[in-house]
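Visitor: Line by line, the protein sequences give chains A and B. Residues 902 to 1313 (the numbering used here) make up the first sequence, in order. Residues 902 to 1313 (the numbering used here) make up the second sequence, in order.
It is worth saying that the hints were derived from the structure and are not from the lab. Quick caveat, the model's predicted, so the values are computed rather than measured. Keep in mind that the hints are not guaranteed to be accurate.
Pairs involving identical chains hold if they fit within one copy or between any two copies, as the list cannot separate such chains.
[What the hints assert, rightly or not] Derived SDA-like pairs: lysine to any residue, alpha-carbon spacing no greater than 25 Å straight-line:
id: 1; residue 1: Lys-1173; residue 2: Glu-1209
id: 2; residue 1: Lys-928; residue 2: Leu-979
id: 3; residue 1: Lys-1227; residue 2: Ala-1025
id: 4; residue 1: Lys-1041; residue 2: Val-1185
id: 5; residue 1: Lys-1041; residue 2: Asn-1022
id: 6; residue 1: Lys-1173; residue 2: Ser-1191
id: 7; residue 1: Lys-928; residue 2: Ser-1073
id: 8; residue 1: Lys-927; residue 2: Asn-1297
id: 9; residue 1: Lys-1041; residue 2: Asn-908
id: 10; residue 1: Lys-927; residue 2: Val-1185
Protein chains: 2
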Amino acid sequence: MNHQDPNIVIIGMGTVGKVLASAFAKKRNARTYNLHLIGRTEQSTRDIAERIRDLFAMPALRHVCDARQTDSLIERLLEINPAIVINVATPDTHVSVMRACLEVGAHYLDTAVFELPGDFNVAAPWYNHELALREQFRQKGLTAILSIGFDPGVVNVFCAKVRNDYLDCIDSIDILCANAGVHNQFFATNFNAAVNLKELCENTGYWQQGAWHSSPPFSRSMAFNFPAIGMQKLYSVGHDEVHSLSVNIPEARIEFWMRVGDQFRSTFEVLKNVGMLSLAPIEVGAERISPLDFLARVLPSPQTFANEYRGTVCVGALISGTKMGKPETVFIHSVCNHEDCYQDLETQVTAYTTALPVMAATLLVLDGEWDVGTMVHPEELPPDPFLNRIRELGLNWHVTYPSSRPEPAFNT
Amino acid sequence: MNHQDPNIVIIGMGTVGKVLASAFAKKRNARTYNLHLIGRTEQSTRDIAERIRDLFAMPALRHVCDARQTDSLIERLLEINPAIVINVATPDTHVSVMRACLEVGAHYLDTAVFELPGDFNVAAPWYNHELALREQFRQKGLTAILSIGFDPGVVNVFCAKVRNDYLDCIDSIDILCANAGVHNQFFATNFNAAVNLKELCENTGYWQQGAWHSSPPFSRSMAFNFPAIGMQKLYSVGHDEVHSLSVNIPEARIEFWMRVGDQFRSTFEVLKNVGMLSLAPIEVGAERISPLDFLARVLPSPQTFANEYRGTVCVGALISGTKMGKPETVFIHSVCNHEDCYQDLETQVTAYTTALPVMAATLLVLDGEWDVGTMVHPEELPPDPFLNRIRELGLNWHVTYPSSRPEPAFNT
């Protein structure tokens, strides 16, 4: 620990927290900082601290605290004196952690919208809980960057990059997320199973002609011929980035699409029909737990099969508009494969591509380039410093010009 | 209550307990008796007592007791002074209830083999826990009839009937259980889901050439052209009656086969692959519960959709052997439909055909015809009084001569 160096706090010792701590430890040549880890349990926090000490000779201070308990979190943070707090705990912690940051005068980053476990089909637009605190961040000159993982996160920056450098007008933005990897699990999600399966049960929401539209789950699909992974079938899914892009680029049609494999989908439908995706709690002795949360504990944790994950993921923004008066479509995207991510940080693509953008954004805030002194979404910030930084950390990105735009199909 | 009349105790206030109490209340013209209901919860016991009081003007005394707590059960039974105790609680209660019967001098009936929740692929032969108490029942002159529901139960008696009246030698016994009914549930079992799904996960065990054989689940199948419901595909499943018939008719090949519909099977396979049929407990706060037991709470209880169940069930024993030196095959069976069972006792076939044989056996023990003063399986008792009695109570049975025996297929 060096008292001259800024204190970086990571809250949330799950898969992303582990990868993020590893990245800060392994890729620290650019800058010096002190690392503080806050987890809900002693065990998870110690495991990660010992890992980065053993693998990368990086010390980290450990703290155990439930981030939803604002007062006790404030106590911890006052001891730490953080420059910036990175929240990669469950999405029900965000408001509590933001309030604590306001109290102790720290910058704030997270990777998804605030959400309570029982929330379902939340009406658009999202981010109201966060934006209610924007004025306080502005008054205190503190920076809060909301949802700066990959999608949401990097894809929002992709949109800003295209708006700045590739198109004069934007007519449509389709965020495309296609994990074409294979593993030996019968059924597994690539991140928090309770969050992922719930979002697939919800209606999808998309932005068109200046208004929100809603459609049942799996009712809107399309096929797209991706770089590296070829033709993939995607389904429209309600997703965080649509809710900020619709504010910042309101003239465009905006929709999020996710690849769902056939076996995943058929298994998902069985689990849904059987009642295992229900949010209504079941009594187990003196405890209560929803079938969805119980199922999430039965399914393999994404981290447990990272070492056997093979294949490639392509995520990007397919953006149409005009350039110099002529129609133009660009696909700005990253291509990652699971083996490379495991080689670098012993994880799979989803956690890797969530953690590295967070690290890039953290460094940009500390360096001043993204220290804007208020609450923003990623597309409101200058994209180039960030796109350069993620490339340095190990995330490539490319722009291609697809020969044709795919047409969505409905009710398939 | 009349102190001259025998006290009948029903332990277990689940679906079968409810139907059994209803049957004793509705069909009581043949005999007088006092009815005592013992349940694990006040609520379930009161619901059933109030039901038979309101529907059939039958009083019943209620007692709350966990039947696995032998001492407290003995206390209750000493207050009641039962002539006979019918145990239709979960199969982990049997030994405790039998010990209590020995202590208080009551006859005993149940409907399945003793089984602990964690038991899996128990080695053949079963019934060791029960048979360890046989000598004590004999010494006290008390009757214990093991597994006298339908299958096991009536089908065992069917075998005795065929041995007595239809064939001189028996070469093979195939117990065939085919529920061809339809309901509006996506996935549901016809009795205790945890028990039913577990037995489908286990290896099947069958008796051939004087020895036990084992085969993986769903590895042995056959098709049989049933009366009333036509051709049905059946799978070999390990089942209670094979384990007593192999002792009492050891010269025969003996196997149990159950119809499993295509949608049921594909859903079952998904749930198994996902891990939801595992018996390994998961922690939920301070409690622990296996995925299988949790799933059983999520699935619809068989009783909840009895009113929408339609269609027909055929269960019987397909028995081949010789008569007067010539080969002969008989199929002795019952045909029931869900609507009739609901009309009579507001239940579906499985609970109905489990409860009525228990009632018939109870009356035969009280009347002396089946009061044999020791522990027996149903096939060891004279079949005719029982087969007459179940017909009076509402269960038909028939003997047909199939034109050909089906050939089992393996590894399908």
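Visitor: Confirm or reject each hint.
Guide: Hints versus structure:
no. : hint                   : result
1   : Lys-1173 with Glu-1209 : between (27 Å within a copy, 22 Å between copies)
2   : Lys-928 with Leu-979   : neither (27 Å within a copy, 76 Å between copies)
3   : Lys-1227 with Ala-1025 : neither (33 Å within a copy, 79 Å between copies)
4   : Lys-1041 with Val-1185 : neither (46 Å within a copy, 42 Å between copies)
5   : Lys-1041 with Asn-1022 : neither (34 Å within a copy, 66 Å between copies)
6   : Lys-1173 with Ser-1191 : both (13 Å within a copy, 19 Å between copies)
7   : Lys-928 with Ser-1073  : neither (36 Å within a copy, 73 Å between copies)
8   : Lys-927 with Asn-1297  : within (18 Å within a copy, 77 Å between copies)
9   : Lys-1041 with Asn-908  : within (19 Å within a copy, 80 Å between copies)
10  : Lys-927 with Val-1185  : neither (43 Å within a copy, 36 Å between copies)
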